[in-house]
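S.K.: In case you want the letters, here they are:
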Amino acid sequence: GAVVSQHPSRVICKSGTSVKIECRSLDFQATTMFWYRQFPKQSLMLMATSNEGSKATYEQGVEKDKFLINHASLTLSTLTVTSAHPEDSSFYICSERAGGLETQYFGPGTRLLVL
Amino acid sequence: QQQVKQSPQSLIVQKGGISIINCAYENTAFDYFPWYQQFPGKGPALLIAIRPDVSEKKEGRFTISFNKSAKQFSLHIMDSQPGDSATYFCAASMMSGSRLTFGEGTQLTVNP
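Protein chains in written order, with the working numbering: chain L, 1 to 115; chain Z, 1001 to 1112.
Read the hints as simulated data drawn from the structure, not as lab findings.
Every value quoted in this text rests on a predicted model; they were computed, and no experiment measured them.
Among the clues, some could well be false.
What the hints assert, rightly or not - Derived lysine-lysine pairs resembling DSS-like cross-links, with alpha carbons at most 25 angstroms apart:
1) Z:Lys1015 to L:Lys41
2) L:Lys41 to Z:Lys1042
3) Z:Lys1071 to Z:Lys1057
Generate coordinates for the entire structure from the input sequences, incorporating the hints supplied.
M.R.: Okay, structure coming up:
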């Protein structure tokens, strides 16, 4: 399967700061990337879908001005949590899909803790 | 209509036994059904997937059974091992590669 990396794997920040999470496709060009959030012992919740070179499509209830997504190249998508608050503490996971393929491959996730 | 219902929430199996996890969906437009395995602190990893034109798919110890008329599909893990202890998620999507709708997850524990 495809290889997806995320950086950082863990981040602790103070309330009010912004945090950027990178998602990289290491072995093929991902035309579409997805960003999920997962709370402990819960399922994955889709936050947004990003296509290379265009604006992300956010799910209902996800604040696009708080969770900024950039998909500037076929191998890199970034999620920036702006003015993070403790309730944003979660496990953030990206996935990728190459055009024409049905399978999504997930990154290893980023654990965000906002103090 | 977008929901995928998964059961049981948790499952304990003895080593060598069969683990069975079930999922049900409502939307008949779903045409791709993957299963993911997730270990604590890690991202989900694709285990096996099926399309509705077949009723069963087997890969090693993992088998998906698919019942189109009942709108149900299940994952069977044969000869379950302690290393299989993880959370399993079923999912479904409409059209190839569109957004995945996940089940609630099943925490599997395989006792030695």
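S.K.: If a hint holds in the structure, say so; if it doesn't, say that too.
M.R.: Right, here's what the structure says about each hint:
1. Distance check on the hinted pair: Z:Lys1015 and L:Lys41 sit about 24 angstroms apart at the alpha-carbon level, within 25 angstroms; holds.
2. Under the criterion of a C-alpha separation no larger than 25 angstroms, the hint pairing L:Lys41 with Z:Lys1042 is consistent with the structure, at around 13 angstroms.
3. Annotation: proposed proximity of Z:Lys1071 to Z:Lys1057 holds, straight-line Cα distance about 16 angstroms (limit 25 angstroms).
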